[in-house]
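Participant: Please take these sequences and the hints and turn them into a complete structure.
So you can see what is in the structure, the chains are spelled out below.
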Amino acid sequence: MADYNEESNRLTIKIVYYGPALSGKTTNIMRLHDLIAPQLKGEIMTLETQNDRTLFFDLLPLAFTASTGLLIKFKLFTVPGQVAHDGTRKAVLSRADGVVFVADSQRSQSVNNGESFDNLVENVHRVGLDLDRLPLVVQFNKRDQTNILSEEEISQRWSAASWPIVFASALHGDGVVDTFSQLLAQVHRNLDTEFHLVSKHGIEQRSFVESACATIG
Amino acid sequence: MELTPRQFDRELTLKELLAGLPAGKLQQILEAMFGCGFRLTTAGGQVVAGSAEPGTATTHSPIRYELESVGNLETASADPEKIKAAVLLIELLLHSAARYYMASALHIEAIDADYEALQKKHAALVISETRYRELAASLELRVQQQVAVIEAAQRQLYQTEKMVSVGQLAAGVAHEINNPVGFIKSNLNTAKKYVQQFAQLAVLVNSSPDSAIAKGWRQADLDFVIQDFSDLLGESIAGTERVARIVADLKDFSNIDHTEIQVVNINDNIRSVCNMATHELSKTADLLFDLGELPKQKCHPGRINQALLNVLLNAAQAMPERGQIRIRSEYRDGLTSVQISDNGHGMAESTLARVFDPFFTTREVGKGTGLGLTVARDIVTAHDGDILIQSEPGKGTTVTIHLPVG
Chain A
1 MADYNEESNR
11 LTIKIVYYGP
21 ALSGKTTNIM
31 RLHDLIAPQL
41 KGEIMTLETQ
51 NDRTLFFDLL
61 PLAFTASTGL
71 LIKFKLFTVP
81 GQVAHDGTRK
91 AVLSRADGVV
101 FVADSQRSQS
111 VNNGESFDNL
121 VENVHRVGLD
131 LDRLPLVVQF
141 NKRDQTNILS
151 EEEISQRWSA
161 ASWPIVFASA
171 LHGDGVVDTF
181 SQLLAQVHRN
191 LDTEFHLVSK
201 HGIEQRSFVE
211 SACATIG
Chain B
1 MELTPRQFDR
11 ELTLKELLAG
21 LPAGKLQQIL
31 EAMFGCGFRL
41 TTAGGQVVAG
51 SAEPGTATTH
61 SPIRYELESV
71 GNLETASADP
81 EKIKAAVLLI
91 ELLLHSAARY
101 YMASALHIEA
111 IDADYEALQK
121 KHAALVISET
131 RYRELAASLE
141 LRVQQQVAVI
151 EAAQRQLYQT
161 EKMVSVGQLA
171 AGVAHEINNP
181 VGFIKSNLNT
191 AKKYVQQFAQ
201 LAVLVNSSPD
211 SAIAKGWRQA
221 DLDFVIQDFS
231 DLLGESIAGT
241 ERVARIVADL
251 KDFSNIDHTE
261 IQVVNINDNI
271 RSVCNMATHE
281 LSKTADLLFD
291 LGELPKQKCH
301 PGRINQALLN
311 VLLNAAQAMP
321 ERGQIRIRSE
331 YRDGLTSVQI
341 SDNGHGMAES
351 TLARVFDPFF
361 TTREVGKGTG
371 LGLTVARDIV
381 TAHDGDILIQ
391 SEPGKGTTVT
401 IHLPVG
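The listed protein sequences derive, respectively, from chains A and B. To convert, note that position 155 of the first sequence is 155 in our numbering; the numbers rise steadily by one, no gaps. To convert, note that position 112 of the second sequence is 112 in our numbering; the numbers rise steadily by one, no gaps.
For the record, the hints were derived by calculation from the structure and aren't laboratory data.
Label pairs and their calculated CB-CB ranges:
no.: 1; chain 1: A; residue 1: Gln82; chain 2: B; residue 2: Glu91; range: 27 to 35 Å
no.: 2; chain 1: B; residue 1: His60; chain 2: A; residue 2: Ala37; range: 26 to 34 Å
no.: 3; chain 1: B; residue 1: Asp79; chain 2: A; residue 2: His172; range: 39 to 47 Å
no.: 4; chain 1: A; residue 1: Glu204; chain 2: B; residue 2: Ala85; range: 37 to 45 Å
no.: 5; chain 1: B; residue 1: Leu135; chain 2: A; residue 2: Ile44; range: 55 to 63 Å
no.: 6; chain 1: A; residue 1: Ser155; chain 2: B; residue 2: Lys84; range: 49 to 57 Å
no.: 7; chain 1: B; residue 1: Leu135; chain 2: A; residue 2: Gln82; range: 39 to 47 Å
no.: 8; chain 1: B; residue 1: Leu135; chain 2: A; residue 2: His196; range: 57 to 65 Å
no.: 9; chain 1: A; residue 1: Val121; chain 2: B; residue 2: Asp79; range: 51 to 59 Å
With a Cα cut of at most 30 Å, we get these calculated DSBU-like pairs of lysine-lysine:
no.: 10; chain 1: B; residue 1: Lys25; chain 2: B; residue 2: Lys15
no.: 11; chain 1: A; residue 1: Lys41; chain 2: B; residue 2: Lys84
no.: 12; chain 1: B; residue 1: Lys15; chain 2: A; residue 2: Lys41
no.: 13; chain 1: B; residue 1: Lys25; chain 2: B; residue 2: Lys84
no.: 14; chain 1: B; residue 1: Lys395; chain 2: B; residue 2: Lys283
no.: 15; chain 1: B; residue 1: Lys283; chain 2: B; residue 2: Lys162
no.: 16; chain 1: B; residue 1: Lys82; chain 2: A; residue 2: Lys41
In this text, a Cβ means the ideal position worked out from N, Cα and C, and glycines have one as well.
Facilitator: As structure tokens, this is what we get:
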């Protein structure tokens with residue numbers, strides 16, 4: 001849950017990148033770091049890795065200050081995708097304000113995507129979040145690979161789901177910012193009800209998303 | 001170390017970030033760099049490192065951590081390069097401390113969650129284990145109960161089978177005897193009437209004492225013959241009646257395979273059994289009856305007979321020399337009690353302790369099955385009653401059977 005600190009006039013928002021192992025969660029936030037230029041952008045903090053695979057999490061802090069002086073701070077986390085690290089995954093997912101599910105578009109990964117999504121649904125319940133209210137964007141990554149599911153197939157398979165689907169190639173930076181901004185639009189809706197972003201701080205959805213996702217150049 | 005897990009992703013303060021560093025060393029390094037005093041304060045102005053005195057501090061440089069200013073470096077040093085380097089050094093230390101803090105806090109959170117999950121799983125397993133244990137325990141108990149029931153049924157079946165075959169034989173014999181006994185008795189009665197008619201002749205013959213027929217009469221002592229003839233016939237009639245009664249008792253007793261419940265007076269059962277077994281019993285003992293007033297009660301008469309017979313035969317066989325068997329019955333407080341006491345050789349305590357054990361016998365091989373009292377107890381228990389044995393070596397044994405009425 002977003003944390004509002006009155007003393008330092010700061011609202012901290014937690015975004016979690018979830019998904020199967022090697023689907024490109026870390027790549028997503030690395031590209032995001034390269035592509036966007038909000039008012040404040042920190043360095044990516046990478047905790048222990050093993051052969052380039054996340055063991056704990058990666059963290060990218062971003063922030064901008066609203067006209068009222070409220071600091072809106074985003075903390076983007078990635079979870080370890082490997083099945084074995086479920087305890088860590090669950091702890092990282094705790095208190096999330098929004099989730100990006102990064103799926104692997106390759107046909108061979110369909111089962112892993114499904115299992116990981118089931119794991120997300122299960123963990124969402126276990127950490128006390130409400131899947132119906134949780135902002136969520138499903139990103140189908142690795143569109144640059146061969147032998148991938150077509151966009152039609154994916155749209156058809158996910159037609160019953162209410163979440164927006166974004167096609168991306170994180171390695172090349174395609175769809176990364178789009179994914180993030182689509183998620184932030186949903187996050188704004190939730191936070192506005194709780195913290196009155198519009199009425200109290202004059203932060204409309206559009207400016208909220210644009211301030212966070214301002215691209216370089 | 002923290003015992004309660006703290007959220008790994010919460011905002012950290014300067015104080016928390018520096019908590020893991022040996023404060024003296026940082027002070028040493030910075031003082032060496034600046035060549036003068038310094039102090040590190042939080043955003044709220046609290047001093048966390050360096051000299052507590054404000055001294056002649058001139059520059060205030062913000063220390064940033066994760067996009068935000070978390071404190072200030074105050075120093076009298078006039079060298080901006082050194083101050084910049086010092087700020088970078090402190091920020092580097094904070095970054096490294098944060099990484100360590102987050103990793104360990106996350107680790108604790110994950111371990112804690114795993115532990116909680118394991119505890120839940122463990123609790124569920126304990127519950128299911130308890131359930132299976134209870135099931136296993138009660139299963140054993142139920143098997144034992146079932147085995148006991150089967151064993152009791154087997155013993156009864158064994159004795160019943162024996163009694164049934166004896167009973168069937170007896171019933172057959174009784175039926176065969178009944179017919180001849182019937183016509184013998186009828187004939188004897190007719191014969192008695194004929195003799196009486198003969199006796200009337202005596203008056204006529206004796207009216208002329210000198211006649212040849214009267215002489216012959218006296219010579220043959222026919223007065224005595226006729227009288228004795230009548231007595232003999234009377235005794236024979238009594239004898240056939242006794243035979244008929246024994247046969248009737250035999251038929252009664254042989255009803256062993258009649259399993260249905262009947263309403264009877266237990267005294268009748270006692271008499272029937274004693275009549276039946278007179279031969280066996282009177283060989284070694286005299287029977288003394290002391291039968292009280294009993295109400296009619298529901299029972300399996302055949303079974304009760306069997307139990308009584310088993311106890312009576314035991315008593316008769318316990319006589320080293322001719323003795324007495326006293327049979328008492330009484331009714332009190334809804335309970336019929338039958339007490340069978342003998343003045344035989346009695347039993348030692350060790351024997352007494354085992355009398356109800358199946359196949360326990362003190363008799364020679366082939367003389368006793370060791371089932372008599374076991375079956376008697378099974379039968380009495382099946383009637384919701386109980387059976388008690390008191391015995392004293394050399395003095396005798398008393399068996400008391402209690403049977404609830406209604």
